[in-house]
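Trainee: Spelled out from the first residue to the last, the chains are:
Protein chains: 2
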Amino acid sequence: MTEIKIFCPATIANLNCGFDVMGLCLDGIGDEMIIRKVAQKGVRITKITGADLPLETEKNVAGVAALALYNDAIYRVSIEHGFEIEIHKKIKAGSGIGSSSASAAGAVFGINELLGKPFTKHELVFFAMKGEVVASGSEHADNVAPCILGGFTLVRGYNPLDVIKIESPSELYAVVLHPHIEVKTSDSRAVLSPTVSLKSAITQWGNLGGLIAGLYTKDYELIGRSLQDVIVEPARKHLIPNFDLVKNEALKNGALGAGISGAGPSIFALCKGETIANTIAKSMSDAYSDTGIACDIYISKVNSDGTKII
Amino acid sequence: MTEIKIFCPATIANLNCGFDVMGLCLDGIGDEMIIRKVAQKGVRITKITGADLPLETEKNVAGVAALALYNDAIYRVSIEHGFEIEIHKKIKAGSGIGSSSASAAGAVFGINELLGKPFTKHELVFFAMKGEVVASGSEHADNVAPCILGGFTLVRGYNPLDVIKIESPSELYAVVLHPHIEVKTSDSRAVLSPTVSLKSAITQWGNLGGLIAGLYTKDYELIGRSLQDVIVEPARKHLIPNFDLVKNEALKNGALGAGISGAGPSIFALCKGETIANTIAKSMSDAYSDTGIACDIYISKVNSDGTKII
Numbered sequence: 001m002t003e004i005k006i007f008c009p010a011t012i013a014n015l016n017c018g019f020d021v022m023g024l025c026l027d028g029i030g031d032e033m034i035i036r037k038v039a040q041k042g043v044r045i046t047k048i049t050g051a052d053l054p055l056e057t058e059k060n061v062a063g064v065a066a067l068a069l070y071n072d073a074i075y076r077v078s079i080e081h082g083f084e085i086e087i088h089k090k091i092k093a094g095s096g097i098g099s100s101s102a103s104a105a106g107a108v109f110g111i112n113e114l115l116g117k118p119f120t121k122h123e124l125v126f127f128a129m130k131g132e133v134v135a136s137g138s139e140h141a142d143n144v145a146p147c148i149l150g151g152f153t154l155v156r157g158y159n160p161l162d163v164i165k166i167e168s169p170s171e172l173y174a175v176v177l178h179p180h181i182e183v184k185t186s187d188s189r190a191v192l193s194p195t196v197s198l199k200s201a202i203t204q205w206g207n208l209g210g211l212i213a214g215l216y217t218k219d220y221e222l223i224g225r226s227l228q229d230v231i232v233e234p235a236r237k238h239l240i241p242n243f244d245l246v247k248n249e250a251l252k253n254g255a256l257g258a259g260i261s262g263a264g265p266s267i268f269a270l271c272k273g274e275t276i277a278n279t280i281a282k283s284m285s286d287a288y289s290d291t292g293i294a295c296d297i298y299i300s301k302v303n304s305d306g307t308k309i310i
Numbered sequence: 001m002t003e004i005k006i007f008c009p010a011t012i013a014n015l016n017c018g019f020d021v022m023g024l025c026l027d028g029i030g031d032e033m034i035i036r037k038v039a040q041k042g043v044r045i046t047k048i049t050g051a052d053l054p055l056e057t058e059k060n061v062a063g064v065a066a067l068a069l070y071n072d073a074i075y076r077v078s079i080e081h082g083f084e085i086e087i088h089k090k091i092k093a094g095s096g097i098g099s100s101s102a103s104a105a106g107a108v109f110g111i112n113e114l115l116g117k118p119f120t121k122h123e124l125v126f127f128a129m130k131g132e133v134v135a136s137g138s139e140h141a142d143n144v145a146p147c148i149l150g151g152f153t154l155v156r157g158y159n160p161l162d163v164i165k166i167e168s169p170s171e172l173y174a175v176v177l178h179p180h181i182e183v184k185t186s187d188s189r190a191v192l193s194p195t196v197s198l199k200s201a202i203t204q205w206g207n208l209g210g211l212i213a214g215l216y217t218k219d220y221e222l223i224g225r226s227l228q229d230v231i232v233e234p235a236r237k238h239l240i241p242n243f244d245l246v247k248n249e250a251l252k253n254g255a256l257g258a259g260i261s262g263a264g265p266s267i268f269a270l271c272k273g274e275t276i277a278n279t280i281a282k283s284m285s286d287a288y289s290d291t292g293i294a295c296d297i298y299i300s301k302v303n304s305d306g307t308k309i310i
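These protein sequence lines are chains C and L, in that order. Numbered as in our numbering, the first sequence ends at 310 without a single skipped number. Numbered as in our numbering, the second sequence ends at 310 without a single skipped number.
Note that these hints are calculated values from the structure, not bench results. Glycine included, each C-beta is placed from N, C-alpha and C at the ideal position.
Chain C is faced by these chain L residues, among others (derived, beta-carbon under 8 angstroms):
id, residue
1, 19
2, 20
3, 157
4, 192
5, 193
6, 194
7, 203
8, 204
9, 212
10, 213
11, 216
12, 226
Pairs of lysine-lysine residues, derived as DSS-like cross-links and limited to a Cα-Cα distance of at most 27 angstroms, are as follows:
id, chain 1, residue 1, chain 2, residue 2
13, C, 218, L, 121
14, C, 117, C, 5
15, C, 237, L, 199
16, C, 90, C, 308
17, C, 218, L, 218
18, C, 199, L, 184
19, C, 121, L, 218
20, C, 184, L, 199
21, L, 199, C, 199
Next comes chain C alone, as it looks inside the complex (with noise of 0.2 angstroms):
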């Protein structure tokens, strides 16, 4: 096996209460890339399409991560090869729904399965990580986990990297609004308070706390409880238009919950079954077209296989 196919799934983070520790793998949305082994030592990205992004590995969000996978598995394994790598995105950038983290979970995955897979996933997570700093600027695993892992997943730690994958129900349906909207990361970090009242940390954990128990108990109505968040969406849903109009609506129509995905601007929700999933996607679509403002509308089932070749 010399060159392989990937598909690299969208992921929605957070996921109302689970603020920088849950995630959630798409199955309707994601990126393509191949990774071809080669003569030549290193690794090099030779060809990107559906964006507009820097071809040198160093710079490269898919590069970078490669590259501390690489220089890594020569402890592990006899590397007499190098790695070329294209990306052909689908998943448009700053969507909110983990653009960045496809290219990084692609790319070490892909070259892990060329390697003969010296690192189990869970070790692929902490790598495709390394890439996210080239995004975002900081080291962060809530889109790589279920990226890489698929489902549902909790990171329940840095220190070290602690990411466990958490089961969940087999009917479990996502829909995500992407509106063609810009929110810079630095406007929607900058209206969170580095400071929260005790009283609204205990919600959310207990809250937090509802979502786990309700996926491995297969407790819709529970999951759908606790899919609130009393911290961050009321800081950052100004930043989306519409965004309180469509959630209403995606609730009215059957959603167990809604909110903002990752940083947003994309807004999610999730419920049980396909057909209450294609009237919520109409309904969230009509609320938001008085805007004026263009949108993407994707429906997935929750991917469990994370990241696969194809």
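Given chain C, work out where chain L should sit, using these hints.
Mentor: Showing chain L alone in chain C's frame:
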């Protein structure tokens, strides 16, 4: 059935990362209560042993909880009689292992049994909370929920009350060291800041997520890694002599985690299996001996039944 005898177990609230939301039911220590159906309507406390507590129904935790249920039960069943309550305290007041909760839980559990169970166990938590107001000035469920339901419980929220019983592995043991000192509730509250850093809050809810995932998946290691408290323990531990020493000895001797039980002063440790629990109990007791303060040690399996007829 006109009279029943009840075991009302002690409980550990908070469990490090789950401040105000998590609780755990013990087996090795608890009160006994006798509930008797009598002709005279209303609720009376007729006997209290083991503690100096008021016999007046309206001033007694068990009495207030019992009245709350009694006054609501008339909407579900015909009540042509009253109830007498005897309380035989074994759990010391102010120990931090749910002494008042045991009384409240026992009263509502017992009367509900003698009425033919008009209420579910989850509904009983609501009435028992009313009793907690007498003891602490606020309705809270983090002790009464595990006391009534057994096992580990999560109080997701109060509006409306939402209590979830969390599955747990069968070999979990708790060790509790109760130092014979008084930590005033006002003091243990005063040391808590009304605000916390967002960073600490994220660490805390990451750990709470890990704890719940670890309980469902019976992953003792994950449970152990998650039993951390970066918010409350650092503020409160100074109120308990030798806390760090006792905790460290517990961890050195095989505890998965250790921390402050409820608002203290009791110190608890969780571990896998009775043999390790015995070793930990000795190590904690030894570590406390140089304080010159008397203490009790309890070793207990997790009690998955909760309050029950004996």
